[in-house]
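Engineer: The residues making up each chain are set out below.
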Amino acid sequence: MLEIKNLHAKIEDKPILKGINLTVKPGEIHAIMGPNGSGKSTLSQVIAGRDSYEVTEGDILFNGESILEMEPEERAWVGLFMAFQYPVEIPGVSNAYFLRTALNAKRKNLGLPELDAMEFMKYIKEKMTSIGLDPSMLSRAVNEGFSGGEKKRNEIFQMAVLEPKIGILDETDSGLDIDALKIVSEGVNMLKNSERSFVLVTHYQRILNYITPDYVHVLMNGKIVKSGGKELALQLEQEGYAPIEKALMATV
Amino acid sequence: MQTVEKRIESSEITNLGVNLPNWMINRREDALTRANEIGLPSHQDEEWRFTPFRNLLKHNCSQSKKVSLNQKDIEPFLSLCSRDAIVFVIINGFLDESLSMLDHGIEGLNVFNLQRAIKESEENVNRVDSLISNSKLPYFAALNKAVHQDAVLINIKRNARINRPIHLLNISVNTSQEALIHHPKVQVVAEEGSESFFLESFNSIGDGISYTNGVTEFLLEKNSRVEHVKLQDESEENYHLYWSNIHQQNDSNYKGCSITYGAQFSRNDVSSFLDGENIECTLDGAYVINGDQVSSNHTRLDHAKPNCYSFQVYKGILDDKSNGVFNGKIFVHEDAQKTDAKQSNQAILMSDTATVHTKPQLEIFADDVKCTHGCTVGEMNKDPMFYLRSRGVSEDDAKALLVYAFANEVIENISNDYIKNKIEEMLFKKLKRK
Ligand SMILES: Nc1ncnc2c1ncn2[C@@H]1O[C@H](COP(=O)(O)OP(=O)(O)OP(=O)(O)O)[C@@H](O)[C@H]1O
Ligand SMILES: [Mg+2]
Numbered sequence: 001m002l003e004i005k006n007l008h009a010k011i012e013d014k015p016i017l018k019g020i021n022l023t024v025k026p027g028e029i030h031a032i033m034g035p036n037g038s039g040k041s042t043l044s045q046v047i048a049g050r051d052s053y054e055v056t057e058g059d060i061l062f063n064g065e066s067i068l069e070m071e072p073e074e075r076a077w078v079g080l081f082m083a084f085q086y087p088v089e090i091p092g093v094s095n096a097y098f099l100r101t102a103l104n105a106k107r108k109n110l111g112l113p114e115l116d117a118m119e120f121m122k123y124i125k126e127k128m129t130s131i132g133l134d135p136s137m138l139s140r141a142v143n144e145g146f147s148g149g150e151k152k153r154n155e156i157f158q159m160a161v162l163e164p165k166i167g168i169l170d171e172t173d174s175g176l177d178i179d180a181l182k183i184v185s186e187g188v189n190m191l192k193n194s195e196r197s198f199v200l201v202t203h204y205q206r207i208l209n210y211i212t213p214d215y216v217h218v219l220m221n222g223k224i225v226k227s228g229g230k231e232l233a234l235q236l237e238q239e240g241y242a243p244i245e246k247a248l249m250a251t252v
Numbered sequence: 001m002q003t004v005e006k007r008i009e010s011s012e013i014t015n016l017g018v019n020l021p022n023w024m025i026n027r028r029e030d031a032l033t034r035a036n037e038i039g040l041p042s043h044q045d046e047e048w049r050f051t052p053f054r055n056l057l058k059h060n061c062s063q064s065k066k067v068s069l070n071q072k073d074i075e076p077f078l079s080l081c082s083r084d085a086i087v088f089v090i091i092n093g094f095l096d097e098s099l100s101m102l103d104h105g106i107e108g109l110n111v112f113n114l115q116r117a118i119k120e121s122e123e124n125v126n127r128v129d130s131l132i133s134n135s136k137l138p139y140f141a142a143l144n145k146a147v148h149q150d151a152v153l154i155n156i157k158r159n160a161r162i163n164r165p166i167h168l169l170n171i172s173v174n175t176s177q178e179a180l181i182h183h184p185k186v187q188v189v190a191e192e193g194s195e196s197f198f199l200e201s202f203n204s205i206g207d208g209i210s211y212t213n214g215v216t217e218f219l220l221e222k223n224s225r226v227e228h229v230k231l232q233d234e235s236e237e238n239y240h241l242y243w244s245n246i247h248q249q250n251d252s253n254y255k256g257c258s259i260t261y262g263a264q265f266s267r268n269d270v271s272s273f274l275d276g277e278n279i280e281c282t283l284d285g286a287y288v289i290n291g292d293q294v295s296s297n298h299t300r301l302d303h304a305k306p307n308c309y310s311f312q313v314y315k316g317i318l319d320d321k322s323n324g325v326f327n328g329k330i331f332v333h334e335d336a337q338k339t340d341a342k343q344s345n346q347a348i349l350m351s352d353t354a355t356v357h358t359k360p361q362l363e364i365f366a367d368d369v370k371c372t373h374g375c376t377v378g379e380m381n382k383d384p385m386f387y388l389r390s391r392g393v394s395e396d397d398a399k400a401l402l403v404y405a406f407a408n409e410v411i412e413n414i415s416n417d418y419i420k421n422k423i424e425e426m427l428f429k430k431l432k433r434k
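From first to last, the protein sequence lines are chains A and B.
The numbering of the first sequence is this note's numbering, which starts it at 1 and goes up by one.
The numbering of the second sequence is this note's numbering, which starts it at 1 and goes up by one.
For the record, the hints were derived by calculation from the structure and aren't laboratory data.
Glycine included, every Cβ here is placed at the ideal spot set by N, Cα and C.
Be careful, since some hints might not be right.
To be verified - Looking from chain A toward chain B, a few residues come up when the C-beta cut is under 7 Å (computed): (1) A48; (2) R50; (3) E73; (4) A76; (5) W77; (6) V78; (7) G79; (8) M82; (9) V88; (10) I90; (11) G92; (12) T101; (13) A105; (14) K106; (15) G228.
Chain A extracted, bound-state conformation (with noise of 0.2 Å):
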């Protein structure tokens, strides 16, 4: 389903990816851990086409096709979807008429009628109660004055609402108190199917009780240095990334 290859990604001249190999398959989870400034945040932009890093080497594929040339709407409507590690503040736009655009837009180019106002409340409602959002937001302004767990409620309301076919959730559970966590746990549980993929990065391993990863990788230095199953995470939960700093450093 998405295939990086030997990505490289720069901004402005400084490195940051520096030749990233990863495979999901459909229905597959996979959990990407690191320390701060690795470059995980890096790597989700990317994929989702933000324009200001420089694809300088490699290649993501999605379905079999290359997507680095195409705009970060053209990603969102054949199934990508990126949750935040800081989710935008849009004041003046609403929350109901930004995400029925974005839905909107999606359906127009599946060859699906739009909704209008009344089947678009209709669609979302049931959306909306399970991820545990008070239906009053749809009327505020994007993310204006959310708290910072409402702002990665509100990332994972509008995965439910466009359903991809891969979510990457850059730290969706950081911030969260535990009544939250569970809940966006949840969300992310009842998306899951044998066709659903998720990237989970993510600091804590607490998030992986909830939602099991097939696979576990640690990223360093803009790349991935060690992949393995979800015991991975317990073990740097336990020991931190200095064991594997040090054992790179001895390959050296």
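For this one, chain A is given, so just place chain B with the ligands on it according to the hints.
Structural biologist: Quick look at chain B with the ligands alone, frame taken from chain A:
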């Protein structure tokens, strides 16, 4: 001496086909002297420093003549205001009696052209006219005061609540090769306790070059409320100059909103003198320009007495090689304790070649006051743009949505939903014109 208007005949001042009272003739002559004294904009003049006015001085105009239009010509402009509007059509500065609703039958609303005002309401004309002395006028306002050929004089009677919008529908008409100038003039007296809403629109017909040189004055008596939306969408051949002066008494509330979409060059000077206590004054504005358009917006607020509030939000959206100026002056006089004055001014540059100059200017002579001002100029912010697009909103839609949201902070305050929606619709069109 160089003027925008070729040569001013003395008959333009004294002979309007009406017997003007002596005080008026004197004042018109005096205004011309004032205009000659100041002369045309120059780079030495602080008031014109950032405004690129070169094109403004390119033409040598004659004063427009009275022309008539039929109902069909004005149909598209009538739709700017809701159907319940009380409409007054002003063509090249002349109030058109046949197209205007002079027999509106609404109690508490009197509307006259200059001729009738002199007969029936001379005192009011004099009263509003003397609110500000000629010696304080800038060039174009002085020129208007010297040579305007007609005027619309409106009187909202004591405690009258006019619950239908009053539409002052200005059209500049020029189908000739020659550049023409006209000088629309409006004076409003909102008497004690009255309430009224004005849409003052400026549009144009014809390919010829027109200069609109408008003056609009308001006197708000005690406890009166006026909402005033000015909407300028003239052809991009046109030059638009507009000077508005508001004088407010105790407990009055003036809420103004100035929208600029059209004209190749526009300059708006809006000032309010808060001459009482517990006054509220809002001077909002949005200018959305592209191509080679220039829009220069200047406000001045005088807080003369204690306990008054003023609010100003100006938003600029500039694309291509357009050029914008915002200059907001706030004077807090010595007596004006407990003044609360807020000013904010923001601009988005949609291209590398658009420019904007902003200059807040606060002069505070009282000690117990709250004044805030903020100013931001930026490109379209990349973060919201990417956020929207990453959810599948196309680039064009995302741009339109964000710019719309930006300008909407000003537009959404308009209390008349019909007009608000109309102005939003025009915003969308203007943004998609490219
Ligand atoms: N605009 C930029 N200009 C220069 N350097 C940048 C820019 N954006 C990111 N970086 C750098 O790229 C590196 C990777 O950043 P990134 O945000 O991908 O890290 P991360 O792994 O997500 O970290 P965290 O765990 O703190 O979220 C960091 O060193 C960061 O400073
Ligand atoms: Mg990060």
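Engineer: So, for every hint listed, does it hold in this structure?
Structural biologist: Hint check:
For the restraint placing A48/A at the interface with chain B, the shortest Cβ-Cβ distance is roughly 5 Å, inside the 7 Å limit, so the hint holds. For R50/A, the interface hint holds, since its Cβ comes within 7 Å of a Cβ in chain B; the closest pair sits about 6 Å apart. Evaluation of the E73/A hint against chain B yields a held restraint, the C-beta minimum of about 5 Å falling below 7 Å. Interface hint status for A76/A: upheld, as the beta-carbon distance to the closest one in chain B is roughly 4 Å, under 7 Å.
With 7 Å as the threshold, the beta carbon of W77/A comes within range of chain B, its nearest partner Cβ sitting at about 6 Å, so the hint holds. Because the smallest distance between the Cβ of V78/A and any Cβ of chain B comes to about 10 Å, over 7 Å, the interface hint for this residue is violated. Interface restraint check: G79/A against chain B, minimum CB-CB distance 10 Å, threshold 7 Å, status violated. Taken as an interface hint, M82/A checks out: its beta carbon lies about 6 Å from the nearest beta carbon of chain B, inside 7 Å.
Of the supplied interface hints, the one on V88/A holds, with its beta-carbon coming within about 4 Å of a beta-carbon of chain B, less than 7 Å. Below 7 Å, beta-carbon pairs count as interface contacts, and I90/A has one with chain B at about 5 Å; its hint therefore holds. At a threshold of 7 Å, the smallest CB-CB gap from G92/A to chain B is about 3 Å, leaving the interface hint in force. Checking T101/A against chain B by beta carbon gives a least distance of about 5 Å; that is within 7 Å, so the hint holds.
The beta carbon of A105/A comes within 5 Å of a beta carbon in chain B, closer than 7 Å, and the hint placing it at the interface holds. Evaluation of the K106/A hint against chain B yields a held restraint, the C-beta minimum of about 5 Å falling below 7 Å. Against a cut-off of 7 Å between C-beta atoms, the interface hint on G228/A is violated, since the closest Cβ of chain B lies about 30 Å away.
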